[in-house]
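*Asks:* The lines below spell out each chain.
Protein chains: 2
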Amino acid sequence: MGLIVQKYGGTSVGNAERIRAVAERVVATQRAGNKVAVVVSAMSGETNKLVELARELGGETPPPREYDALVSTGEQKTIALLSMAIQGMGAKASSFNGAQMGFLTDKAHTKARIKSIDADRIHKTLDDGAIAVIAGFQGVDDEGNITTLGRGGSDTSAVAVAAALKADVCEIYTDVAGVFTADPNMVPSAKKLSRISFEEMLELASLGAKVLQLRSVKFAMKYGIPLHVRSSFSDEEGTWVTREEDVMEKLVVSGVTYNRNEAKIRVRGVEDHPGVAATLFTALSEAGFVVDMIVQNMGLDGATDITFTVPRDDYEEALKLSKSVSSKMGAKAVEGDESITKVSIVGLGMKDHAGVASRMFEVLAADGINIQMITTSEIKVSVVIGEKYTELAVRSLHAAFVDDGAEAPVAES
Amino acid sequence: MGLIVQKYGGTSVGNAERIRAVAERVVATQRAGNKVAVVVSAMSGETNKLVELARELGGETPPPREYDALVSTGEQKTIALLSMAIQGMGAKASSFNGAQMGFLTDKAHTKARIKSIDADRIHKTLDDGAIAVIAGFQGVDDEGNITTLGRGGSDTSAVAVAAALKADVCEIYTDVAGVFTADPNMVPSAKKLSRISFEEMLELASLGAKVLQLRSVKFAMKYGIPLHVRSSFSDEEGTWVTREEDVMEKLVVSGVTYNRNEAKIRVRGVEDHPGVAATLFTALSEAGFVVDMIVQNMGLDGATDITFTVPRDDYEEALKLSKSVSSKMGAKAVEGDESITKVSIVGLGMKDHAGVASRMFEVLAADGINIQMITTSEIKVSVVIGEKYTELAVRSLHAAFVDDGAEAPVAES
Numbered sequence: 546m547g548l549i550v551q552k553y554g555g556t557s558v559g560n561a562e563r564i565r566a567v568a569e570r571v572v573a574t575q576r577a578g579n580k581v582a583v584v585v586s587a588m589s590g591e592t593n594k595l596v597e598l599a600r601e602l603g604g605e606t607p608p609p610r611e612y613d614a615l616v617s618t619g620e621q622k623t624i625a626l627l628s629m630a631i632q633g634m635g636a637k638a639s640s641f642n643g644a645q646m647g648f649l650t651d652k653a654h655t656k657a658r659i660k661s662i663d664a665d666r667i668h669k670t671l672d673d674g675a676i677a678v679i680a681g682f683q684g685v686d687d688e689g690n691i692t693t694l695g696r697g698g699s700d701t702s703a704v705a706v707a708a709a710l711k712a713d714v715c716e717i718y719t720d721v722a723g724v725f726t727a728d729p730n731m732v733p734s735a736k737k738l739s740r741i742s743f744e745e746m747l748e749l750a751s752l753g754a755k756v757l758q759l760r761s762v763k764f765a766m767k768y769g770i771p772l773h774v775r776s777s778f779s780d781e782e783g784t785w786v787t788r789e790e791d792v793m794e795k796l797v798v799s800g801v802t803y804n805r806n807e808a809k810i811r812v813r814g815v816e817d818h819p820g821v822a823a824t825l826f827t828a829l830s831e832a833g834f835v836v837d838m839i840v841q842n843m844g845l846d847g848a849t850d851i852t853f854t855v856p857r858d859d860y861e862e863a864l865k866l867s868k869s870v871s872s873k874m875g876a877k878a879v880e881g882d883e884s885i886t887k888v889s890i891v892g893l894g895m896k897d898h899a900g901v902a903s904r905m906f907e908v909l910a911a912d913g914i915n916i917q918m919i920t921t922s923e924i925k926v927s928v929v930i931g932e933k934y935t936e937l938a939v940r941s942l943h944a945a946f947v948d949d950g951a952e953a954p955v956a957e958s
Numbered sequence: 546m547g548l549i550v551q552k553y554g555g556t557s558v559g560n561a562e563r564i565r566a567v568a569e570r571v572v573a574t575q576r577a578g579n580k581v582a583v584v585v586s587a588m589s590g591e592t593n594k595l596v597e598l599a600r601e602l603g604g605e606t607p608p609p610r611e612y613d614a615l616v617s618t619g620e621q622k623t624i625a626l627l628s629m630a631i632q633g634m635g636a637k638a639s640s641f642n643g644a645q646m647g648f649l650t651d652k653a654h655t656k657a658r659i660k661s662i663d664a665d666r667i668h669k670t671l672d673d674g675a676i677a678v679i680a681g682f683q684g685v686d687d688e689g690n691i692t693t694l695g696r697g698g699s700d701t702s703a704v705a706v707a708a709a710l711k712a713d714v715c716e717i718y719t720d721v722a723g724v725f726t727a728d729p730n731m732v733p734s735a736k737k738l739s740r741i742s743f744e745e746m747l748e749l750a751s752l753g754a755k756v757l758q759l760r761s762v763k764f765a766m767k768y769g770i771p772l773h774v775r776s777s778f779s780d781e782e783g784t785w786v787t788r789e790e791d792v793m794e795k796l797v798v799s800g801v802t803y804n805r806n807e808a809k810i811r812v813r814g815v816e817d818h819p820g821v822a823a824t825l826f827t828a829l830s831e832a833g834f835v836v837d838m839i840v841q842n843m844g845l846d847g848a849t850d851i852t853f854t855v856p857r858d859d860y861e862e863a864l865k866l867s868k869s870v871s872s873k874m875g876a877k878a879v880e881g882d883e884s885i886t887k888v889s890i891v892g893l894g895m896k897d898h899a900g901v902a903s904r905m906f907e908v909l910a911a912d913g914i915n916i917q918m919i920t921t922s923e924i925k926v927s928v929v930i931g932e933k934y935t936e937l938a939v940r941s942l943h944a945a946f947v948d949d950g951a952e953a954p955v956a957e958s
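First to last, the sequence lines map onto chains A and B.
All letters in the first sequence, in the order written, are residues 546 to 958 by my numbering.
All letters in the second sequence, in the order written, are residues 546 to 958 by my numbering.
Among these hints, one or two may not hold up.
Copies of one chain are not kept apart here, so a pair can be met inside one copy or by any two copies together.
[As the list claims (entries may be wrong)] Straight-line alpha carbon distances no greater than 27 Å define the calculated DSS-like cross-link-like pairs of lysine-lysine that follow:
| hint | residue 1 | residue 2 |
| --- | --- | --- |
| 1 | K637 | K656 |
| 2 | K877 | K865 |
| 3 | K736 | K669 |
| 4 | K736 | K868 |
| 5 | K637 | K896 |
| 6 | K656 | K737 |
| 7 | K637 | K594 |
| 8 | K637 | K652 |
| 9 | K755 | K637 |
| 10 | K637 | K711 |
| 11 | K736 | K795 |
| 12 | K763 | K711 |
| 13 | K763 | K877 |
Hint data in this document are derived by calculation from the structure and do not stem from the laboratory.
Computed from a predicted structure; not experimentally measured.
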């Protein structure tokens, strides 16, 4: 029928029994008449053990070439074991590590970028009636040095393999049933989406939804590979991530998401002349801090306030740097706040509906939640609020936009 | 000064602390002015864990291609960790797995034979002032499939690398101080040999001495690579294994060794006509049994007795087969005995001394030990005796030939 790439994460291959369950699913997919290539991660816990050893012998920053050679053994273990299990069920299988499948990357060890994949060898395997079992996360540079794509890179590997093979679909097996309108642990009424666009998924992934790696979604969008996110513990359909034109029902809000991993820094009373913001953000960027939201607003006294967010892990260092830069800029004060959350609503339908943002602000206001920062794009609105309001905000927004979505007083544009 | 290949076994790299100790020795060797290539095994215990997983998922005989892909990760782990440790000490290092160093073998998975090694890449690394850290035990076939040389293959890898690099010496680091005249656990007066010939070492290795893999000694002899067997826990000189002409002191007996892993089968009263032995041994060989010693002797009644030894693990099956073949051959009886030991004396000096074998029989007779079988070669005499006499025989022979070697009444030829 088709050519299917399946990807299984570390939990799905976490022990012998689970590997056997994956083998069963893979073989069943082939016996249903498909060509199947499987991309797998290291068994859960394995990578952490290897990283621990690397720390012991290589210190805080182990030599990257050797680090990649070390951690790539995790996936090689899984592909060999899964191939054995598949063969034990009477099907043909052949394992491929990064070098064997010609998964060529640049030389950026531990965060390599994909250059090309030699699809011929895998096609030959598939044409031969065998299942190709492929190590995720790893590649080789043009000198044969082992590289890795960085944590979570197996999703990206799978999509890249699907693109190289011109697969009909890339199935991402995970421990949840698909993409939900909100975190089901926080919002009991959260619904599994049956279809969502690449654009929406990109926003959700970058706003804190953990079901898919951001980079893999970008890759799938670029090459137009439909993703099917589904549970490795059941047979039910999950969520399809596809081109916008293939998404029938364009929800105004397809997801409410939150991210607690940011912190806010505010630089007050900066003189308002050109280049002020640049001085600050160039310094932060050169120090390696990734700034997310930025809001700049004029105070009554003609001076400017600049507020921005950084990952919470970088908060202390970024605050220190901001203070030192700001004093040179003649700023009045620098304040920080770690107790914030970014809450976002995402939906393709926003393009066609006005008033979504203001309705969002009303919902939050009705709960007495103060909005500290706002950013918007064509298909999302994000606000920063006090961290203690996270659950309340997510539940109220979900109730207003998803549960009662049809009735919500949002004006058609 | 020179080009040195060092090989460290699983115990020597068994944990982070030991890997660090190996790194120190390697770096010290380089700083003394040498080019250094290091060949390492998997950390002790690692291979057993992988084999256990293979059994769980691949059954009793896992698919060999995948088995090799799996177990080869053990050595890849060690080379990455050792390279990290070396770099942490301020020296340059680069790791090479089988594919990366062009360690080409045939396609016989789990027991591959070496075809060639691409010495250029390693030479480049060494010329660049770096230490080459090489995975033992593994290679690739001409299609890039991972192969392994079989258990203990790391010794062979090291010698092959030394031959390819035209190294001055291949140092084999182990948990004993060198090659001893007997098992020191059994014979407290056993002495470490300072020099021994390849021929003697071959006999000792095939007769039960476990310090070196038989295959690696053959390889070293073929390419004339001097081996230096020494302890990874001390700095003292170990035992040099070299060409006969470089062994100054040709001992009559350089080693007394024993092997408890054989069992004896005796086929009695076979009619003595051509092809009788062939029928039996062809059947055994086709069933995969490796027969070691064979003795055939005429009985008084004109019929022949054939006695031979097989590995003890194969005893039950080989006995069954022998019975079935023998009944067709019209043999009178087939008997077996598992409680035997093969005790051997080995020495280059035997070539120039007559009477060594008879002196050996006298020593054993004086202890009341009955000799069941005898085989000899130019530089060794082996006897099969009852297993319970093992210690007594080894100690008495060591006392007669080694401790009192100079005074032994052995006639010069």
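*Asks:* None of the hints should be skipped; say for each whether it holds.
*Replies:* Structure-based check of all given hints:
Taking the shortest alpha-carbon separations for K637 and K656, only the inter-copy value of 22 Å comes in at or below 27 Å, while the best intra-copy value is 33 Å. In this assembly of identical chains, the alpha carbons of K877 and K865 lie at most 27 Å apart only when taken from the same copy (15 Å versus 96 Å across copies). Neither within a single protomer nor between protomers do K736 and K669 lie at most 27 Å apart by alpha-carbon distance, with minima of 41 Å and 59 Å respectively. In this assembly of identical chains, the alpha carbons of K736 and K868 never lie at most 27 Å apart, being 44 Å within a copy and 72 Å across copies at closest.
Within a single copy, K637 and K896 get their C-alpha atoms no closer than 48 Å, and across copies no closer than 57 Å, so neither meets the 27 Å cut-off. In the homo-oligomer, the alpha carbons of K656 and K737 never lie at most 27 Å apart, since the shortest distance is 32 Å inside one protomer and 52 Å across protomers. Within a single copy, K637 and K594 get their C-alpha atoms only as close as 31 Å, which misses the 27 Å cut-off; across copies the closest is 25 Å, which meets it. In this assembly of identical chains, the alpha carbons of K637 and K652 lie at most 27 Å apart only when taken from different copies (18 Å versus 34 Å within one copy).
For the identical chains of this complex, K755 and K637 are neighbours neither inside a copy (34 Å) nor across copies (39 Å), given an alpha-carbon limit of 27 Å. For the identical chains of this complex, K637 and K711 are intra-copy neighbours only, at 22 Å inside a copy versus 42 Å across copies, given an alpha-carbon limit of 27 Å. In this assembly of identical chains, K736 and K795 lie within 27 Å of each other by CA distance solely inside one copy; the values are 15 Å within and 85 Å between copies. For a Cα distance limit of 27 Å, the shortest separation of K763 from K711 inside one copy, 16 Å, qualifies, whereas the shortest one across copies, 51 Å, does not.
With identical chains, the CA atoms of K763 and K877 are never at most 27 Å apart, being 41 Å at best within one copy and 80 Å at best between copies.
In summary, the numbered hints that this structure violates are 3, 4, 5, 6, 9, 13.
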